[in-house]
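A.B. asks: Residues per chain are reported as follows:
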Amino acid sequence: MTPDGNPVGASARNALAAPQPLLEIDNVTLQYKTREHLVTATKQVSFKVYPSDRYILLGPSGCGKSTLLKAIGGYMEPASGVIRLKGQEVHQPGPDRMMVFQEFDQLLPWKTVRQNVEFALNASGRLRGAEASERAAYYIDKVGLSKFIDSYPHMLSGGMKQRVSIARGMAMEPDVLLMDEPFAALDALTRRKMQDELMRLWEDTRFTVLFVTHSIEEAIRIGNRILLLSPHPGQVKAELNSVPAEEMGTASQAQLEQRINDMLFAHGGH
Amino acid sequence: MNTPNISSTPARTQPFVRPEYVRDTQAQEQDQVLRPLSVFETLYGQSWLRKTVILIALALLWELYGRWLNNPLLFPSFSETVRAFYTDIASGLLLKRAASSLQTLLIGYGLGIALAALLTTVAISSRIGTDLLESLTSMFNPLPAIALLPLALIWFGLGTSSIIFVLVHSVMWAVALNTHGGFRSVSKTLRMVGQNYGLGGFALVGSILIPAAFPSILTGLKVGWAFAWRTLIAAELVFGVSSGSGGLGWYIFENRNQLETANVFAGLFFVILIGLFVENFIFATIEKRTIHRWGMQH
Chain R
0 MTPDGNPVGA
10 SARNALAAPQ
20 PLLEIDNVTL
30 QYKTREHLVT
40 ATKQVSFKVY
50 PSDRYILLGP
60 SGCGKSTLLK
70 AIGGYMEPAS
80 GVIRLKGQEV
90 HQPGPDRMMV
100 FQEFDQLLPW
110 KTVRQNVEFA
120 LNASGRLRGA
130 EASERAAYYI
140 DKVGLSKFID
150 SYPHMLSGGM
160 KQRVSIARGM
170 AMEPDVLLMD
180 EPFAALDALT
190 RRKMQDELMR
200 LWEDTRFTVL
210 FVTHSIEEAI
220 RIGNRILLLS
230 PHPGQVKAEL
240 NSVPAEEMGT
250 ASQAQLEQRI
260 NDMLFAHGGH
Chain Z
0 MNTPNISSTP
10 ARTQPFVRPE
20 YVRDTQAQEQ
30 DQVLRPLSVF
40 ETLYGQSWLR
50 KTVILIALAL
60 LWELYGRWLN
70 NPLLFPSFSE
80 TVRAFYTDIA
90 SGLLLKRAAS
100 SLQTLLIGYG
110 LGIALAALLT
120 TVAISSRIGT
130 DLLESLTSMF
140 NPLPAIALLP
150 LALIWFGLGT
160 SSIIFVLVHS
170 VMWAVALNTH
180 GGFRSVSKTL
190 RMVGQNYGLG
200 GFALVGSILI
210 PAAFPSILTG
220 LKVGWAFAWR
230 TLIAAELVFG
240 VSSGSGGLGW
250 YIFENRNQLE
260 TANVFAGLFF
270 VILIGLFVEN
280 FIFATIEKRT
290 IHRWGMQH
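Respectively, the protein sequence lines represent chains R and Z.
According to numbering that gives the first Met the number 0, the first sequence holds residues 0 to 269 in order.
According to numbering that gives the first Met the number 0, the second sequence holds residues 0 to 297 in order.
Bound conformation, chain R alone (with noise of 0.2 Å):
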């Protein structure tokens, strides 16, 4: 239970580089109605998000991981706080952030892998024509599913529709891919390959990713920076950094699974 990476010195290495950061989640209280009550998902949660950042955001259920996203996807209003995509304040759902759904079935059913991707370039206005097709074309070899490019979604398996939605996402190279448990719905086997897959295209563009994930292993694997939300209401309880890619499978990725662990379920709620 040594502690590791000193958090102090990290923050002060970011500090050297000073950029600016892209999305500001500035002390963000979350409330939404049930039947019969009123509840807390989150309560003043702050952090910042970097280009390029890997960015997790990880606790157990009902830490409201999935709420905050849905928030910076602008489908709700915080009930106090601020949400800043550069410097812009977010109100309403955008192209300038997709969303990765947990769901296979957010793909539009009646058209083909390549008319979804190329809908969603023509349905905001960010491409037309001959372009369009043309990057959807592009994505869609990335994720490795040319040959499926004319296939109704019914006819692809879980795993490559996760695949065309993420290429639909990156395909409208919006400000940050918000995905919310995107492979949480697979089988172990495929959303291993899938994380695999996804370090890699993000080897290739450096794209920004804010992730949602219950799993401890997924977060390191997947994010270069984590947040540690507490469930009930969901607070942040700490930022870490994650091991670099080279360090995998080490020492040191089995002592930070350790630390979050502990820091998780411990000492209970708080």
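Hints should not be assumed to be uniformly reliable.
If you want a taste of the chain Z side facing chain R, the calculated C-beta under 10 Å gives, among others [unchecked claim]:
(1) Leu-189
(2) Gly-193
(3) Gly-199
(4) Ile-207
(5) Ile-290
Below are the BS3-like pairs computed for lysine-lysine, each with C-alpha atoms no more than 27 Å apart in a straight line [unchecked claim]:
(6) R/Lys-110 - Z/Lys-221
(7) R/Lys-146 - Z/Lys-287
(8) R/Lys-110 - Z/Lys-287
(9) R/Lys-42 - Z/Lys-187
(10) Z/Lys-187 - R/Lys-110
Everything labelled a hint here was simulated from the structure, so no lab data went into it.
A virtual CB, placed ideally from N, CA and C, is assigned to each residue, including glycine.
Chain Z: place on chain R using the hints.
C.D. replies: Positioned in the frame of chain R, the structure of chain Z alone reads:
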């Protein structure tokens, strides 16, 4: 960690240790994986063929019963009906009657769908609109269209407009109810995807909700069509002749008065034929090109 001390307890069964093996699976792959279906299996897989066989069997039963009864006034046989049908088709009478019926039907059906679209739009755009649609459909949907015919006669007189009025009534509630139900069952994720593209209002309805709810909408259109067809024939029967040229209902009514039972059967036969055609060609084609292809229905 590796050896928990519980294992020292006596009489605890350990799994039987077996030797491992690894096989080369490439070698024996040729047969068994793909086998062509037999002729019978192929034919039995065709739905149109199965249905045709059923229809032929039914026609055969009809013919046999008609001949055994031997009373053309009460129950003409299949061949007599076909003969009467052929004669009136050849003379053009039946076609003229059918055309007149179909014209009225299409006007009523189209108007009904347009009104249903309007009502559903109101219903999805506000909560009070939903309440309106729900109250109206629960009031009027169970009301048989024919029951409105006397009222229609008072309002619109003895003419096509009365029939169109009852047709609209029979189509619109079924279509509106199904379409609205379809919209409500569109998954939340798909709506959010549409909003993510920056779509809202009519753009969201047109490019996300309508295609996503298409299976329900199509069911509504089919039910509406069947209701309209039924209502039309019934209304024409009650009406007798309206504006010079009667429809199929009038043809049936007229021939019953003259005790031409075979022609009555021929009229009913034509009603069935048109129904089969619309169901198995028009609606089936739409289904094949849309919801089957999209994997929304199997």
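A.B. asks: State for each hint whether it applies.
C.D. replies: Okay, the hints, checked on the actual structure:
1. For Z/Leu-189, the interface hint holds, since its Cβ comes within 10 Å of a Cβ in chain R; the closest pair sits about 7 Å apart.
2. Hint status for Z/Gly-193 relative to chain R: holds, with the closest Cβ pair at about 8 Å, below 10 Å.
3. The beta carbon of Z/Gly-199 comes within 9 Å of a beta carbon in chain R, closer than 10 Å, and the hint placing it at the interface holds.
4. A least Cβ separation of about 7 Å between Z/Ile-207 and chain R falls short of the 10 Å threshold, and the interface hint therefore holds.
5. A distance limit of 10 Å between C-beta atoms decides the matter here; for Z/Ile-290 the minimum to chain R is near 8 Å, and the interface restraint holds.
6. A threshold of 27 Å between alpha carbons decides the hint, and for R/Lys-110 with Z/Lys-221 the separation of about 24 Å falls inside it, so the pair holds.
7. Taking the CA atoms of R/Lys-146 and Z/Lys-287, the gap is near 24 Å; set against the 27 Å cutoff, the hint holds.
8. Distance hint between R/Lys-110 and Z/Lys-287 is fulfilled; the C-alpha atoms sit about 15 Å from each other, no more than 27 Å.
9. With a C-alpha separation of about 25 Å, the suggested pairing of R/Lys-42 with Z/Lys-187 holds against the 27 Å cut-off.
10. Our distance criterion of 27 Å between C-alpha atoms is met by Z/Lys-187 and R/Lys-110, whose separation comes to about 18 Å.
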